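Construct the entire structure; sequences and hints are all you get.
Sequence order for the protein chains is U and A.
FYI, the numbering for the first sequence is 1 to 277, going by the UniProt record's numbering.
FYI, the numbering for the second sequence is 1 to 292, going by the UniProt record's numbering.
If you're looking for bench data, these hints aren't it; they were derived computationally from the structure.
Fair warning: this is a prediction, and the values are worked out from it, not measured in the lab.
Glycine is no exception: its CB is placed at the ideal position from the N, C-alpha and C atoms.
Heads up, simulated DMTMM-like pairs for lysine to aspartate or glutamate below, C-alpha to C-alpha not over 25 Å straight-line:
no. : chain 1 : residue 1 : chain 2 : residue 2
1   : U       : Lys265    : A       : Glu222
2   : U       : Lys165    : U       : Asp108
3   : U       : Lys11     : A       : Asp99
4   : U       : Lys107    : A       : Glu222
5   : U       : Lys107    : U       : Asp166
6   : U       : Lys11     : A       : Glu187
7   : U       : Lys11     : A       : Asp185
8   : U       : Lys165    : U       : Asp184
9   : A       : Lys202    : A       : Asp99
10  : U       : Lys165    : A       : Glu222
11  : U       : Lys265    : A       : Asp99
12  : U       : Lys223    : U       : Asp139
13  : U       : Lys11     : A       : Asp195
14  : A       : Lys202    : A       : Asp185
15  : U       : Lys11     : A       : Glu190
16  : U       : Lys165    : A       : Asp185
17  : U       : Lys265    : A       : Asp185
18  : U       : Lys104    : U       : Asp166
Coverage of chain A stretches by chain U, computed from C-beta distances (three or more under 8 Å per stretch; other residues unrestricted):
no. : stretch
19  : 93-103
20  : 109-122
21  : 244-253
22  : 275-287
Take a look at the letters that make up each chain.
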Amino acid sequence: MQSSPNSSSGKLIIRTVAAWLVALILFFPLLFLAVTAFKTEGQAIAVPSLWVFTPTLENFVEVQARSNYLHFAWNSVVTSVVSTVLGLLIAAPAAYSMAFSPTKRTKDILMWMLSTKMMPAVGALVPIYVIAQTAGLLDTKFALIVVFTMSNLPIMVWMLYSHFKDIPHEILEASRMDGANLWDEFRHVLLPLGMGGLASTGLLCLVLAWNEAFWALNLGSAKAGTLATLVASYSSPEGLFWAKLSAASLMAIAPIIVFGWFSQKQLVQGLTFGAVK
Amino acid sequence: MAEHTRAGSRWLPRILMTPAVVTLFLWMIVPLVMTIYFSVIRYNLMQPDQTGFVGLMNYEFFMTDPDFWPAVWNTLVLLGSVVLITVFFGLAIALLINDPFPGQGFVRILLISPFFVMPTVNALLWKHMMMNPVYGVLAQIWTFFGLEPVNWLTDYPLFSIIIMVSWQWLPFACLIFMTALQSMDREQLEAAGMDGATYWQKLWYLYMPHMARSISVVIMIEVIFLLSIFAEIYTTTSGGPGNASTNLAFLIFKQAQLSFDVGVASAGALLAVVLANIVAVFLIRMIGKNLD
Chain U
1 MQSSPNSSSG KLIIRTVAAW LVALILFFPL LFLAVTAFKT EGQAIAVPSL
51 WVFTPTLENF VEVQARSNYL HFAWNSVVTS VVSTVLGLLI AAPAAYSMAF
101 SPTKRTKDIL MWMLSTKMMP AVGALVPIYV IAQTAGLLDT KFALIVVFTM
151 SNLPIMVWML YSHFKDIPHE ILEASRMDGA NLWDEFRHVL LPLGMGGLAS
201 TGLLCLVLAW NEAFWALNLG SAKAGTLATL VASYSSPEGL FWAKLSAASL
251 MAIAPIIVFG WFSQKQLVQG LTFGAVK
Chain A
1 MAEHTRAGSR WLPRILMTPA VVTLFLWMIV PLVMTIYFSV IRYNLMQPDQ
51 TGFVGLMNYE FFMTDPDFWP AVWNTLVLLG SVVLITVFFG LAIALLINDP
101 FPGQGFVRIL LISPFFVMPT VNALLWKHMM MNPVYGVLAQ IWTFFGLEPV
151 NWLTDYPLFS IIIMVSWQWL PFACLIFMTA LQSMDREQLE AAGMDGATYW
201 QKLWYLYMPH MARSISVVIM IEVIFLLSIF AEIYTTTSGG PGNASTNLAF
251 LIFKQAQLSF DVGVASAGAL LAVVLANIVA VFLIRMIGKN LD
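Printed below as a string of structure tokens:
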């Protein structure tokens, strides 16, 4: 017992150092990317890597000039925001009814929804491509919005369902006794109590849609391409132009990472999928 | 009682379910029916004049492709390795940073950042800046320790993909485990400490049962996303060298986009659906109970 203050502060130091070390190792690739974006091409591939140099903004200017960054960024914003809102509008009523009027088949329906998400997207590629082509929707934001919405929908229903289930039934029943109609119930009970769930579900799906690469690469290109497409175009032949690649990548991920940092508390609360009781 | 106070309340839940169920059903059934149809006809974009019913020939062609079984194997190895790595290290990191220490909030932000990185950026960042055998960071570290730099993507292609994907999903596992740990029963832990339980005993008898549910959630979500890893392979190894890093998703893509053979690709897609269903059945048997 006597040595306990000493050994516990010793443990704290070890824990702190270990935690910082792990965090820095995992974050290091991103740090390296961010630093490289401000180098010239020559500095970027210097061995050993340079950490002290005069930063340049040239790469960012060139990415915007050569591939019109803002055009792709706008497509990313529109497709991810619209698909998230649309998804919430479809998923929330379903989750509400599963949580508050469960039947014997509720669990089966939920599992079925999740299983649709397990099918490799590539399996649906040809049919979806053919449908989009026939409908003249290839390389349109509309097609990407529909596809993003559908591929996030199962996760959205599941997340919202586990949130709504945590709302005590008694509150809803009490409000019904008081003669509340569906709109009142929604407005005064569900919305305030379910806000956290709606927000975190929305946040996660925004991130997933922003980062979606498979459909964006296959259905969108010049007109509707998102930032994931823009980055992919910097891949093969220009392999060793690290500085420009880094600048394009940084511009593609910075908005969503900064957004994620600010909303992480909210997001974390929602990511439990009812795993925390 | 309350269910019947409002007219039509029996129908309301079904009406509210309808949009989600109908759209998802269409999203599943339309491509599925079209895929089944394509899979039994001759349909090659380069030979538009050859058409007609071919029975199961496309399936035979896809399954006897020498790349088929390696691709199934690679899919499962990729899935299994990433799940094991992220669950194990995710738990370890979550336990490490659970109790307060200086800079906890900042460490948390650093840790979760890779989750927000899009797969194409993840892949290019690792391919070029980390794993390049001449200029890459890993090569510099290897040289520093006097070792021969490794040509990651050529010599260990599947392992390289596993590293990239794990880097992306580790933060996700961490996040969920961190949240679950916050709700551990402090008094129970203290009582166990009083009774002289060692750290490992507490870990096994108190932490693990508490975490079972969130481990199930992590496995479930990761399986959903990892069965069809595509962008990382597409942007780095293109499935190679040979078929060393080709998974089922990429093999189907190769048939459709590189050989232009829609019929064979569709047969492959249906086989992938079968594989996904087998995995799903196993998964729901194993951890479905925990997902109530």
